[in-house]
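A.B. asks: Protein sequences appear in the order of chains A and B.
Residue numbering for the first sequence follows the working numbering, beginning at 1 and increasing consecutively.
Residue numbering for the second sequence follows the working numbering, beginning at 1 and increasing consecutively.
Worth flagging that the hints you see were computed from the coordinates, not collected in a lab.
All values derive from a computational prediction rather than experimental measurement.
Beta carbons: idealized from backbone N, C-alpha and C, even for Gly.
Heads up, a few of these hints could be off.
Claimed, not checked - Ranges between beta-carbon positions, derived for each pair:
1) A:D50 with B:E185: 37 to 45 Å
2) A:K102 with B:R16: 49 to 57 Å
3) A:D157 with B:T216: 37 to 45 Å
4) B:E185 with A:M1: 50 to 58 Å
5) A:E141 with B:T216: 27 to 35 Å
6) A:A114 with B:S237: 34 to 42 Å
7) A:K137 with B:S235: 27 to 35 Å
8) B:K245 with A:K63: 49 to 57 Å
9) A:E202 with B:R146: 49 to 57 Å
10) A:A168 with B:D57: 32 to 40 Å
11) B:R16 with A:K54: 39 to 47 Å
12) A:D110 with B:I52: 38 to 46 Å
What the hints assert, rightly or not - Partner residues are not named here, just some residues of chain A that face chain B (Cβ under 8 Å, in silico):
13) N11
14) C17
15) S18
16) G122
17) N124
18) Y166
19) P169
20) E187
21) K188
22) G190
23) L194
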Amino acid sequence: MLCIVDYGVGNLFSLKCSLDSIGVEAVVSSDEKVIRSADRIILPGVGAFDDAAKKLRDTGLDKVVVDEAENGKPLMGICLGMQMLFEKSYEYGEHDGLGLIKGNVRPIADVIPADLKIPHIGWNALEFKGEKSPVFKYINEGDFVYFVHSFYAADCDESTIAVSEYGAPLTAAVQSGNVYGCQFHPEKSGRTGLNILKAFCETEV
Amino acid sequence: MITKRIIPCLDVKNGRVVKGVNFEGLNDVSSPVELAEFYSNCGADELVFYDITASSDGRKLFADILCETARKVFIPLTVGGGINTVADFDRVLKCGADKVSVNSGAIRNPGLVTEAAKLYGDQCVVISADVKRVDGVFRVFAKGGRENTGMEAIEWIKSCVGNGAGEVVLNSIDTDGVKKGFDLEMLDAVCNAVNVPVIASGGAGCIDDFTTLFKTLPKVDAGLAASIFHFGEVSISDLKNELKKNDIPVRLGW
Numbered sequence: 001m002l003c004i005v006d007y008g009v010g011n012l013f014s015l016k017c018s019l020d021s022i023g024v025e026a027v028v029s030s031d032e033k034v035i036r037s038a039d040r041i042i043l044p045g046v047g048a049f050d051d052a053a054k055k056l057r058d059t060g061l062d063k064v065v066v067d068e069a070e071n072g073k074p075l076m077g078i079c080l081g082m083q084m085l086f087e088k089s090y091e092y093g094e095h096d097g098l099g100l101i102k103g104n105v106r107p108i109a110d111v112i113p114a115d116l117k118i119p120h121i122g123w124n125a126l127e128f129k130g131e132k133s134p135v136f137k138y139i140n141e142g143d144f145v146y147f148v149h150s151f152y153a154a155d156c157d158e159s160t161i162a163v164s165e166y167g168a169p170l171t172a173a174v175q176s177g178n179v180y181g182c183q184f185h186p187e188k189s190g191r192t193g194l195n196i197l198k199a200f201c202e203t204e205v
Numbered sequence: 001m002i003t004k005r006i007i008p009c010l011d012v013k014n015g016r017v018v019k020g021v022n023f024e025g026l027n028d029v030s031s032p033v034e035l036a037e038f039y040s041n042c043g044a045d046e047l048v049f050y051d052i053t054a055s056s057d058g059r060k061l062f063a064d065i066l067c068e069t070a071r072k073v074f075i076p077l078t079v080g081g082g083i084n085t086v087a088d089f090d091r092v093l094k095c096g097a098d099k100v101s102v103n104s105g106a107i108r109n110p111g112l113v114t115e116a117a118k119l120y121g122d123q124c125v126v127i128s129a130d131v132k133r134v135d136g137v138f139r140v141f142a143k144g145g146r147e148n149t150g151m152e153a154i155e156w157i158k159s160c161v162g163n164g165a166g167e168v169v170l171n172s173i174d175t176d177g178v179k180k181g182f183d184l185e186m187l188d189a190v191c192n193a194v195n196v197p198v199i200a201s202g203g204a205g206c207i208d209d210f211t212t213l214f215k216t217l218p219k220v221d222a223g224l225a226a227s228i229f230h231f232g233e234v235s236i237s238d239l240k241n242e243l244k245k246n247d248i249p250v251r252l253g254w
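Between the sequences and the hints, there should be enough to build the whole structure, so can you do that?
C.D. replies: Right, here's the structure in full:
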């Protein structure tokens with residue numbers, strides 16, 4: 001059973017539906033026991049970093065997620081959920097993340113030409129980095145995924161498994177052992193996205 | 001590189017797609033769910049569902065349709081029609097919409113954009129503007145294009161973006177239904193005024209109209225159309241292949 005962590009941020013309906021559609025038994029829960037008993041965890045997130053990180057801490061689920069990930073349970077952060085895996089975010093100030101992956105979250109505006117629009121919104125191609133990650137088992141380099149974000153993960157070369165070009169190579173996906181992150185929305189990325197979720201659900205525990 | 005998006009728009013009334021459609025392999029041509037799946041499989045980059053029912057029964061049906069679509073279609077869904085309050089945003093977002101487009105609701109209450117953007121983020125709020133030339137000036141029209149608000153369109157759109165709208169759908173009443181191409185002059189004016197994605201709507205009659213759109217105005221992010229897709233005059237895969245041939249970045253496959 002996979003658990004989508006519900007900490008009061010964003011709409012989890014589409015994510016749950018996408019997992020249903022590939023035959024993965026998934027529950028949406030904020031219950032520590034459920035999260036601890038799950039085989040895998042997805043940490044979703046939309047909105048502002050500070051607000052979401054606070055909500056996660058207030059529920060006490062931050063410790064549960066970190067604990068489970070450190071014990072080797074496969075964890076995938078999506079969009080803001082991915083950004084929260086890092087050490088710090090510089091989204092309107094300086095905020096602590098979960099520190100599961102080395103790196104920081106910084107404004108896209110710092111690295112792309114001024115004439116490009118922000119947020120980076122729409123379909124962009126994945127360019128793999130390093131050895132092909134197990135989550136990309138069913139997809140090919142150059143496949144398109146759907147992004148919506150104004151901040152990106154920086155200083156994380158070691159864990160970067162894919163980038164997308166938008167005036168600069170922006171971190172699209174990361175992996176550090178059993179901890180994965182997608183900046184894009186796999187649940188909104190058509191067949192490619194479903195194939196990434198499927199591969200994540202098949203990674204070894 | 002970010003690709004240009006191709007977006008079919010489905011008008012839904014009492015739970016059915018309004019414009020008659022006829023596709024091979026599609027049993028129920030007026031089922032929004034089936035049509036949405038069909039378009040998604042053809043490579044549509046996003047779908048717009050427009051609720052044109054006025055009754056509360058119709059609204060309930062629309063919500064059911066939306067939930068059902070979200071269970072089967074995994075590309076971004078934008079919903080418009082009858083969005084007047086943040087409660088309306090909430091109602092459609094819970095059913096799986098990713099973005100909500102406001103038109104008359106924002107004209108009546110400009111605070112709606114601000115409030116919704118704060119609650120759900122800029123990326124969630126789409127301003128949809130029906131614009132028509134009146135004595136050489138771009139004017140915003142309300143109530144499905146029937147009522148001239150008297151407001152100058154470019155300033156109005158700029159103010160909506162300033163209030164937090166993360167995307168603009170520009171529907172030119174002048175070119176809508178004429179099928180002789182998008183309103184390049186109007187689109188250019190909007191693209192030069194805002195720095196959020198602009199979606200062109202109104203006037204597409206053939207594949208070349210999309211090629212011309214993206215070649216002439218590289219700042220336009222997406223092309224939206226309804227009847228030419230519904231009636232099978234233009235297939236999304238042919239359209240995308242042709243755009244690709246013209247070096248316009250598109251997402252092929254699905």
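A.B. asks: The structure should be examined with respect to each hint, and the outcome stated for every one.
C.D. replies: Against the structure, the hints:
no., hint, in the structure
1, A:D50 with B:E185: 37 to 45 Å, "43 Å, holds"
2, A:K102 with B:R16: 49 to 57 Å, "53 Å, holds"
3, A:D157 with B:T216: 37 to 45 Å, "40 Å, holds"
4, B:E185 with A:M1: 50 to 58 Å, "56 Å, holds"
5, A:E141 with B:T216: 27 to 35 Å, "32 Å, holds"
6, A:A114 with B:S237: 34 to 42 Å, "35 Å, holds"
7, A:K137 with B:S235: 27 to 35 Å, "31 Å, holds"
8, B:K245 with A:K63: 49 to 57 Å, "54 Å, holds"
9, A:E202 with B:R146: 49 to 57 Å, "54 Å, holds"
10, A:A168 with B:D57: 32 to 40 Å, "50 Å, violated"
11, B:R16 with A:K54: 39 to 47 Å, "44 Å, holds"
12, A:D110 with B:I52: 38 to 46 Å, "43 Å, holds"
13, N11, "6 Å, holds"
14, C17, "5 Å, holds"
15, S18, "5 Å, holds"
16, G122, "5 Å, holds"
17, N124, "5 Å, holds"
18, Y166, "6 Å, holds"
19, P169, "11 Å, violated"
20, E187, "6 Å, holds"
21, K188, "5 Å, holds"
22, G190, "5 Å, holds"
23, L194, "6 Å, holds"
Of the numbered hints given earlier, the model fails hints 10 and 19; all others are met.
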